Amino acid sequence: MFGYMIKRLIQMVIVLWAVSVLVFVMMSFTGDPTFMMVPLDATDEQIAQARRILGLDESHLVQYWRFLSNIAQGDFGRSFVFRQPAMTLILERLPATLEIVFLAMVMALLVAIPLGVYAGANPKKPASRAVMAGSLIGISLPGFWLGMVLIFVVAVKLQWLPSSGRGPTTEWLGMRVSFTSWEGFRHLILPAITLSVGTLAILMRIIRAEMVEVMKQDYIKFARAKGAPAKVILFKHGLKNALIPLVTVFGLMLGDLIAFATLTETIFAWPGIGKLLVDSIYRGDRPVIVVYLMFVALMFVVVNFIVDVCYALIDPRIKIK
Amino acid sequence: MSNNEQHSKPLLRVQELRTWFYTFGGLVKAVDGVSFDLAPGEIMGLVGESGGGKSMIGFSIMGLIDPPGRIEGGRIEFNGKNIAGLSEDEMRVIRGKEIAMIFQDPMTALNPLYTIGNQIEETLALHTALSARERRAKAIEMLHKVGIPQPEQRLSHYPHQFSGGMRQRVVIAIAMIAKPRLLIADEPTTALDVTIQAQLLRLMRQQVVENGTSMILITHDLAAVSQMADTIVVLYCGRIVEKGPAEDIIARPRHPYTRGLIDSIPHETAENDGPKQRLSQIPGNVPDIRKLPPGCAFAPRCSRASERCRMQDPVLMEHNAIAMGSGKLRPHAVACHHPLAVSP
Chain A
1 MFGYMIKRLI QMVIVLWAVS VLVFVMMSFT GDPTFMMVPL DATDEQIAQA
51 RRILGLDESH LVQYWRFLSN IAQGDFGRSF VFRQPAMTLI LERLPATLEI
101 VFLAMVMALL VAIPLGVYAG ANPKKPASRA VMAGSLIGIS LPGFWLGMVL
151 IFVVAVKLQW LPSSGRGPTT EWLGMRVSFT SWEGFRHLIL PAITLSVGTL
201 AILMRIIRAE MVEVMKQDYI KFARAKGAPA KVILFKHGLK NALIPLVTVF
251 GLMLGDLIAF ATLTETIFAW PGIGKLLVDS IYRGDRPVIV VYLMFVALMF
301 VVVNFIVDVC YALIDPRIKI K
Chain B
1 MSNNEQHSKP LLRVQELRTW FYTFGGLVKA VDGVSFDLAP GEIMGLVGES
51 GGGKSMIGFS IMGLIDPPGR IEGGRIEFNG KNIAGLSEDE MRVIRGKEIA
101 MIFQDPMTAL NPLYTIGNQI EETLALHTAL SARERRAKAI EMLHKVGIPQ
151 PEQRLSHYPH QFSGGMRQRV VIAIAMIAKP RLLIADEPTT ALDVTIQAQL
201 LRLMRQQVVE NGTSMILITH DLAAVSQMAD TIVVLYCGRI VEKGPAEDII
251 ARPRHPYTRG LIDSIPHETA ENDGPKQRLS QIPGNVPDIR KLPPGCAFAP
301 RCSRASERCR MQDPVLMEHN AIAMGSGKLR PHAVACHHPL AVSP
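Chains as they are written, first to last, in this note's numbering: chain A, 1 to 321; chain B, 1 to 344.
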């Protein structure tokens with residue numbers, strides 16, 4: 001286990017370094033952000049000054065070296081726009097994203113597991129076929145379209161839920177969160193549904209496909225021969241054996257949603273990190289983009305690590321090494 | 001078989017059981033009009049080639065026939081009550097507690113994700129009101145009985161940490177722990193090493209005799225059956241071709257198919273230096289069960305077959321068997337137009 005952690009840690013450092021190089025190289029091709037910062041009528045003098053202040057007057061190599069050595073001192077650079085540490089900007093907005101993503105994932109699991117198990121255990125029943133057809137629709141619906149339809153129907157026409165924004169937040173474990181108040185929670189629902197539908201459909205199809213295979217196994221028949229009721233057969237003997245692929249995909253989708261909830265956050269004017277990324281790209285706010293992408297890479301490494309640990313927890317034949 | 005009063009009343013009476021499968025390729029009459037009785041404590045061998053419908057009799061009794069298969073007709077009387085066509089909830093109470101089953105392949109019958117302790121105790125948790133501590137104690141006792149060393153430690157091990165033979169011992173422990181009245185063993189040793197087969201058969205025999213459990217031993221291994229069973233039922237293409245007391249069937253088979261099965265067991269010749277004999281075999285293959293020929297299904301492979309065999313189905317007819325050890329006359333029945341003469 002210890003060796004495994006060390007290996008993972010080294011792996012993580014390599015991934016982060018590779019990402020930083022990639023992002024730096026790519027950013028240097030996207031033009032000079034100075035022009036986004038200065039007024040249209042700025043003189044050459046002012047532009048040069050702005051460059052110096054932003055640290056853009058030196059060669060890319062020097063810039064990259066400065067970036068790396070700053071990181072070694074815990075400084076991830078400052079936003080050109082907000083003049084604040086980029087890491088602070090991201091961490092400030094992270095709770096908002098985590099909130100809708102976790103709610104979306106919980107909703108997806110709560111619906112996908114029972115439906116997937118049912119459809120997998122009874123593949124020939126009409127209800128199962130209906131569920132599968134529904135999942136295809138769920139996969140095919142673009143999130144931005146669904147989000148707009150939800151806003152139109154639920155928020156504008158029916159006026160059941162608020163259409164955008166985060167609502168009131170309260171302090172919880174040092175983060176500002178919405179889910180602690182009813183009004184805040186109401187703001188969470190529509191974005192979370194929008195995020196969850198695609199995930200839900202994919203998870204359900206995976207559970208179904210696995211359950212179809214698992215239900216053919218001898219140990220399922222043996223469990224029936226023991227006199228186990230359907231609930232025990234499906235959820236104790238069946239579902240656990242179907243979990244490995246589910247955990248894999250769940251991990252990937254979780255990372256994906258946290259990193260790229262961009263569209264949904266934009267539609268619902270949700271002040272999360274996805275919206276921060278879009279805004280930063282528009283403004284050419286290079287330090288924020290770099291740190292953001294490194295943060296995303298880090299998150300995927302961590303999620304993969306958790307997934308590996310889950311494998312070992314689920315299946316005693318898998319050892320972490 | 002000590003209790004003569006129970007002897008007259010069978011524990012299990014299967015009558016005209018028909019289990020059919022509606023497959024794309026056509027109707028498969030896997031079990032087609034099978035009848036037999038099983039007395040309390042009796043061990044019955046159910047013998048036949050692969051694809052002969054043997055396993056489907058076991059699964060029919062357990063109520064574990066899944067679509068496209070279904071029990072098309074007949075009765076399965078267990079303890080005087082017809083259990084064919086009971087609902088899943090009604091069957092659940094019987095499965096594992098009254099009737100237990102052992103599967104062919106111990107490598108796949110155990111759930112890989114749970115400890116064997118969990119899987120043994122599950123049967124008790126489902127059918128008894130024992131506390132967790134009592135269940136554990138029973139599981140340890142049971143593992144000890146089936147010959148697994150250090151049962152206390154082994155309880156927390158997973159199936160992959162056991163060899164095939166050991167896993168089958170665990171499966172036997174699971175099947176026997178609730179002291180069922182009927183044990184159905186479906187090819188319990190086929191997937192195992194030859195060296196372990198005999199050990200496990202002995203273990204099973206000891207377990208059922210100890211508990212007074214009746215047993216149906218489903219196998220294609222006539223040699224194994226001849227050592228264990230009280231009665232033998234020979235199946236061919238979903239039908240019984242011969243049934244009777246085990247010694248009688250082995251010593252004086254009446255059906256050419258049974259004769260063929262017996263002849264294909266390797267014999268130890270009395271003198272090792274005697275001429276080595278080629279092992280005999282039954283010519284041909286089991287016919288496609290979806291397209292059975294009219295008349296006797298065995299006729300195409302039978303050297304004694306006549307025109308009549310290809311036209312008319314033989315019915316199972318009783319002949320009186322030689323008095324057995326128990327002093328009781330038990331029927332020896334055969335379905336053949338030209339049964340073999342009783343050799344001296």
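Everything labelled a hint here was simulated from the structure, so no lab data went into it.
Misleading hints may appear alongside valid ones.
Once the Cα atoms are required to be at most 27 Å apart in a straight line, the calculated BS3-like pairs of lysine-lysine come out as [said to hold, decoys possible]: (1) B:Lys29 / A:Lys221; (2) B:Lys145 / A:Lys221; (3) B:Lys97 / A:Lys231; (4) A:Lys221 / B:Lys9; (5) A:Lys124 / B:Lys97; (6) B:Lys29 / A:Lys236; (7) A:Lys221 / B:Lys179; (8) B:Lys179 / A:Lys124; (9) A:Lys7 / A:Lys124.
Bear in mind the structure is a predicted one, so any value in this text is a computation, not a measurement.
Cross-check of the supplied hints:
1. B:Lys29 / A:Lys221: Measuring from Cα to Cα gives roughly 22 Å; hence the hint holds.
2. B:Lys145 / A:Lys221: Measuring from Cα to Cα gives roughly 25 Å; hence the hint holds.
3. B:Lys97 / A:Lys231: holds, 18 Å
4. A:Lys221 / B:Lys9: Roughly 31 Å separates the two Cα atoms, so the pair is violated.
5. A:Lys124 / B:Lys97: violated, 31 Å
6. B:Lys29 / A:Lys236: At roughly 34 Å apart (the allowed maximum being 27 Å), A:Lys236 and B:Lys29 break the hint.
7. A:Lys221 / B:Lys179: With a Cα-Cα distance of about 20 Å, the restraint between A:Lys221 and B:Lys179 holds, given a limit of 27 Å.
8. B:Lys179 / A:Lys124: violated, 36 Å
9. A:Lys7 / A:Lys124: violated, 46 Å
Checked against the numbered hints given earlier, this structure breaks hints 4, 5, 6, 8 and 9; the rest are met.
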